[in-house]
Amino acid sequence: MEIIVFGVISGCIILFGALGFSMTLKAEGFINVAHGQMLLLGAYLAFLFSSFGLPMVVATMLVMLCCGVCGVAIYRYLYRPVKSRGILVLLFTSVGVAYAINGIVGAVAGKRVLAYDLPPVRAMRLDGVPIMTVYELMIIGFALIAAIAIHVFLTSTWVGKSIRAVADNYDLARVRGFDPGHTSDYVWFIASALAGVAGVFSGIIGSLHLGMGWQQIIIILAATVLGGLGSIYGVMLASLLLGIGMELGIMVLPSNYRTGVAFLIIIAILFLRPEGLQSLWSPRTGARH
Amino acid sequence: MLEVRDIHRSFGGVKAVDGVSLDVDAGRIVGLIGTNGAGKTTLFNVISGYLGADAGSVRFEGAAILGEKPHRVARRGMVRTFQTPVGFPRMTVLENMLVFLREHDTTIAPALFRRSVAGSISQAEAARAEEILRAFGLAAKRDIWVQDLGAPELKMLEFARTVMSDPKMLLLDEPAAGVNLALLDSLVETIFRLRDSGVTFLIVDHNLGFICRICDFIYAMADGRVISQGGPDEVVNNPAVIECYIGSASGSR
Amino acid sequence: MESILLFVVGILSIGAIYSILCLALNLEAGIDGLWDLGIVSFFGIGAYTYVLLTAPAAENHQHYLLGLGLPIWVGLAAAGLMGGVAALLIGVPSLRLKREYFLITTLAFAEVIRQIYANELWLTNGVAGIYGLNPPFSESLPPNARQVVIFALLSVAVAVTYLIVRSLCVSPFGRALKALRENEALAMTAGINPFAHHIRAFALAGALSGVAGAFYVWYNTLIIPGQFVADVTFFVWTALIIGGIGNNTGALVGGILFVLLHDALRFLPLSNDMAEVVSSVRTALVGVILILVLRWRPEGLLCERPARVRVRQG
Chain A
1 MEIIVFGVIS
11 GCIILFGALG
21 FSMTLKAEGF
31 INVAHGQMLL
41 LGAYLAFLFS
51 SFGLPMVVAT
61 MLVMLCCGVC
71 GVAIYRYLYR
81 PVKSRGILVL
91 LFTSVGVAYA
101 INGIVGAVAG
111 KRVLAYDLPP
121 VRAMRLDGVP
131 IMTVYELMII
141 GFALIAAIAI
151 HVFLTSTWVG
161 KSIRAVADNY
171 DLARVRGFDP
181 GHTSDYVWFI
191 ASALAGVAGV
201 FSGIIGSLHL
211 GMGWQQIIII
221 LAATVLGGLG
231 SIYGVMLASL
241 LLGIGMELGI
251 MVLPSNYRTG
261 VAFLIIIAIL
271 FLRPEGLQSL
281 WSPRTGARH
Chain B
1001 MLEVRDIHRS
1011 FGGVKAVDGV
1021 SLDVDAGRIV
1031 GLIGTNGAGK
1041 TTLFNVISGY
1051 LGADAGSVRF
1061 EGAAILGEKP
1071 HRVARRGMVR
1081 TFQTPVGFPR
1091 MTVLENMLVF
1101 LREHDTTIAP
1111 ALFRRSVAGS
1121 ISQAEAARAE
1131 EILRAFGLAA
1141 KRDIWVQDLG
1151 APELKMLEFA
1161 RTVMSDPKML
1171 LLDEPAAGVN
1181 LALLDSLVET
1191 IFRLRDSGVT
1201 FLIVDHNLGF
1211 ICRICDFIYA
1221 MADGRVISQG
1231 GPDEVVNNPA
1241 VIECYIGSAS
1251 GSR
Chain C
2001 MESILLFVVG
2011 ILSIGAIYSI
2021 LCLALNLEAG
2031 IDGLWDLGIV
2041 SFFGIGAYTY
2051 VLLTAPAAEN
2061 HQHYLLGLGL
2071 PIWVGLAAAG
2081 LMGGVAALLI
2091 GVPSLRLKRE
2101 YFLITTLAFA
2111 EVIRQIYANE
2121 LWLTNGVAGI
2131 YGLNPPFSES
2141 LPPNARQVVI
2151 FALLSVAVAV
2161 TYLIVRSLCV
2171 SPFGRALKAL
2181 RENEALAMTA
2191 GINPFAHHIR
2201 AFALAGALSG
2211 VAGAFYVWYN
2221 TLIIPGQFVA
2231 DVTFFVWTAL
2241 IIGGIGNNTG
2251 ALVGGILFVL
2261 LHDALRFLPL
2271 SNDMAEVVSS
2281 VRTALVGVIL
2291 ILVLRWRPEG
2301 LLCERPARVR
2311 VRQG
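These protein sequences, in sequence, are chains A, B and C. FYI, in my numbering the residues of the first sequence are 1 to 289. FYI, in my numbering the residues of the second sequence are 1001 to 1253. FYI, in my numbering the residues of the third sequence are 2001 to 2314.
Just so you know, the hints here were simulated from the structure itself, not pulled from any lab data. There may be inaccurate statements among the hints.
Calculated pairs, EDC-like style, for lysine to aspartate or glutamate (alpha carbon to alpha carbon, straight line, at most 16 Å) [to be verified]:
| # | chain 1 | residue 1 | chain 2 | residue 2 |
| --- | --- | --- | --- | --- |
| 1 | B | 1141 | B | 1153 |
| 2 | B | 1069 | C | 2184 |
| 3 | B | 1168 | B | 1243 |
| 4 | B | 1168 | B | 1196 |
| 5 | A | 111 | C | 2273 |
| 6 | A | 111 | C | 2276 |
| 7 | B | 1015 | B | 1223 |
| 8 | B | 1141 | B | 1130 |
| 9 | A | 83 | A | 2 |
Values in this document were obtained by computation on a predicted structure and should not be read as measured data.
Chain A extracted, bound-state conformation:
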């Protein structure tokens, strides 16, 4: 039972990261490796802010803002100029961005493992059985809110619809009045903000270390592949399944294989059913991604 709970919690964290990753994948068509480092940045920025005395909630809000802005800036000044050169160039530019962020954070914060200064809480109990701490409950709550909010955003708001339109057909979207430029800004802001939040939550559950970005991007990649590259809803489902799956997997395999399980899942899906979970509700050819 604990395993399921922890699986759901870690699934929620994966969801924050994978959601943003999937959004930029669908909108821009390339794999943004630096997304994992945006997570790292968020986690360490929150540490910085809370060390100034800000309460965690405020710090998290600030992190969302900062990461969002960073994300947009990186997109505008680093990715967009090379967009015409193809996916591989974009991919490796994002590798460069990833190394740059990791290096800067490392240079400033050092290589020691850090942790947030949070008051320790006891796990809440249900029928006398400890289930989860209030922080973990918050994470699940936020994930739920975020999932619903994103869904509403994409389907109901003007900006959300324009994101979907642009992702589906860039030229047609322009003709119908959506501005792809601004749309992209929104996408990157939201995606990066979500990544920052994922980093903060990841730090709350665990600790802060320089390798957390790379660790998470692997898992995020697995969730995205499992959910179907570019399928937002598939990714949400896949994140939860993956979180639970990884915890269950450790029961069978040694715990060091935790991320290995994620990779094996990636390989299995790609060999057997490349469209991932998306194929469940999208019978039309999902070759476009």
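Following the hints, position chains B and C against chain A.
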């Protein structure tokens, strides 16, 4: 030489090719006409191996080739062109030609163990390539990357490389598209010359004048079916064919 | 003076190993256009194969498989062979995937394989690694001379690799690879079988990377799973991009240049804290250079140029 029987091919719910049969006898120039969406390109792709078919059969020189991968079909001697040729952009014009040399062994062993032979071409091969390039006006561009060529030159290169490949049968996809009148004449001449040296042709094109000029036999397609077949005069004057073309000329496509 | 010389020899040795990896990557990615993010897989497999065959039987606290103490040349050959075999095994199912999926799959395999090194203690002694591995000539030469001899051997290896890759490039095989890279549909109507050619290039690159892995063990005299992280793959790609993707000389130069840029700062004597900062700055620098090169000169230092085909006389 080529026997196509009852090909069916759908995409999603749309029937692109609905029971098409055609024959191309050795040494003939056969044309395939039809408006956009008639299924010509799909049929072409099925015959040359780029697409599978839901039903039907394709026999080339007696062998059943439906379902074979494109490279295997090409190795049998059936070579195709592409509508908007781009060639191999970051390779020289000469290299583009050499890729189509049938005799070259593209395995690793000769590359490593017979380096002097594998790393160069014989004078005969070089001469043949140059001769063909000269015929298509590309001799001067021999060592230039194809991505630096203009559109008409790309078109000429597309023909040049098909000649280089010494095919038994050529499937030409819109060869007259984008070709000016003067070049069109020399193109016709080249096709006739190749036919005389034993090459069989199946040609898809929109340019009715061009098709009628060179083809012995024409198939007309509409909505995935063959609506008329016969000699040029016969097909062009067929009421169903006329309706299709006039219908599509006045309608929007 | 001697220490500076040894340092330079050391850096050039690593540079040579990277050059071999770059040449291998250039073959499969520059000439053939495969988006392979898993070269470190074969690098590591070659290294571990070499160790498991040439190291003495496991003793003391170290546990690992085999340890046959075979001669070095057997080890090298086996490293290359296993690298190639692993590439075949991974390539056969993976090469039928679309490019983006192939990319992710190769990355995934590399990480899974690394975790196997780390977790399967009976095989590799796990995270602790295997130490005390003697490079060639360790009995007959003093340590300093040994370094220089290893460097000499590595230089020969780089030259041989260059020769191999270059011969492949100017041959019909190389042209077929380039054709597939440029326009697969057109290459097919020229009779070129995509899978057959891709798997050959992939396997060959795997074999070359495997041998490079064995050389890496020579240099380090130890082997730990942490040496085979995805960073290596990204660094080799970076080196190739800087040097000039598609150009063999560019690959060679890129490998050496990258190592020079990356490791030159190691020479400075620094306090532990400063060293940490410098290492992070180095990482950031790699990132920045990669971004800049891709933006302003994506074709690299020595870009790919139109090939001149040689005509045999007589």
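Checked hints:
Simply put, residue 1141(B) and residue 1153(B) have alpha-carbon atoms about 10 Å apart, close enough for the 16 Å limit, and the pair holds. With a C-alpha separation of about 13 Å, the suggested pairing of residue 1069(B) with residue 2184(C) holds against the 16 Å cut-off. Proximity of residue 1168(B) to residue 1243(B) is assessed by CA-CA distance (about 35 Å); at most 16 Å being required, the pair is judged violated. Restraint check for residue 1168(B) and residue 1196(B): satisfied, since their Cα atoms lie roughly 12 Å apart, inside the 16 Å limit.
Taking the CA atoms of residue 111(A) and residue 2273(C), the gap is near 9 Å; set against the 16 Å cutoff, the hint holds. For the hint linking residue 111(A) to residue 2276(C), the alpha-carbon distance of about 7 Å falls within 16 Å, and the restraint holds. A C-alpha spacing of about 8 Å is found between residue 1015(B) and residue 1223(B), which places the hinted pair at or below 16 Å, so the restraint holds. A C-alpha spacing of about 10 Å is found between residue 1141(B) and residue 1130(B), which places the hinted pair at or below 16 Å, so the restraint holds.
For a cut-off of 16 Å, the pair hint linking residue 83(A) to residue 2(A) is broken: about 45 Å separates their Cα positions.
Hint compliance for this structure: hints 3, 9 are broken, all remaining hints hold.
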